[in-house]
Amino acid sequence: QKEVEQNSGPLSVPEGAIASLNCTYSDRGSQSFFWYRQYSGKSPELIMSIYSNGDKEDGRFTAQLNKASQYVSLLIRDSQPSDSATYLCAVNILSSARQLTFGSGTQLTVLP
Amino acid sequence: EAQVTQNPRYLITVTGKKLTVTCSQNMNHEYMSWYRQDPGLGLRQIYYSMNVEVTDKGDVPEGYKVSRKEKRNFPLILESPSPNQTSLYFCASSLAGGWDEQFFGPGTRLTVL
Chain A
1 QKEVEQNSGP
11 LSVPEGAIAS
21 LNCTYSDRGS
31 QSFFWYRQYS
41 GKSPELIMSI
51 YSNGDKEDGR
61 FTAQLNKASQ
71 YVSLLIRDSQ
81 PSDSATYLCA
91 VNILSSARQL
101 TFGSGTQLTV
111 LP
Chain B
1 EAQVTQNPRY
11 LITVTGKKLT
21 VTCSQNMNHE
31 YMSWYRQDPG
41 LGLRQIYYSM
51 NVEVTDKGDV
61 PEGYKVSRKE
71 KRNFPLILES
81 PSPNQTSLYF
91 CASSLAGGWD
101 EQFFGPGTRL
111 TVL
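Taken in sequence, the protein lines are chains A and B.
Heads up: the first sequence is residues 1 to 112, going by the numbering used here.
Heads up: the second sequence is residues 1 to 113, going by the numbering used here.
Just so you know, the hints here were simulated from the structure itself, not pulled from any lab data.
Everything hinted at is true.
In silico DSBU-like links for lysine-lysine, alpha-carbon gap of 30 Å or less: (1) 42/A - 18/B; (2) 71/B - 42/A; (3) 17/B - 69/B; (4) 57/B - 67/A; (5) 65/B - 42/A.
Isolated chain A (complex conformation) (with noise of 0.2 Å):
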């Protein structure tokens, strides 16, 4: 079983829609989760971090975590065509409390 695990899309939803992005994870004393975000050709970039349970909120984005199921998401409301990227989730593996591991990525496409 893989470490961090996303679904690999690709996902496709209209303009204005919510768009939904899931990620698992498999070490129980995880502590720190990001989302990042990355278009075709760029680097990532950090669009949400959240490190206790619930959901934390920034503009259009919410991220959600449920430390008791092991997952984290993400959910962004009225989806743009700019938000066209792949979505990147990341966890602090307790295993590993130095390093970062991250999920394969969701293409988000967001049709006009």
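We have chain A already, so just place chain B on it with the hints.
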């Protein structure tokens, strides 16, 4: 401007010819790391460094070397590149390692023939 720089951005080389990809950050970050990105496999960590003269293996260190002689620089060395090292490479830095936001360089696309 706070940034991570990498050079070269693109490199085509041949099997066995030693190469170095440089990485530099101007944010005084303690932690630096190298990733490779391959289709379907996401970002995989090659090496990381918690501080000057302190380096450690990531998930895919075979065939790579690193050094951290200065806080700002963290070069990646391929002493005898092979075609399976053809990939997109990213350098990253952060204040506090895996617990913190990573700042990525622009990437180096390497092709080994």
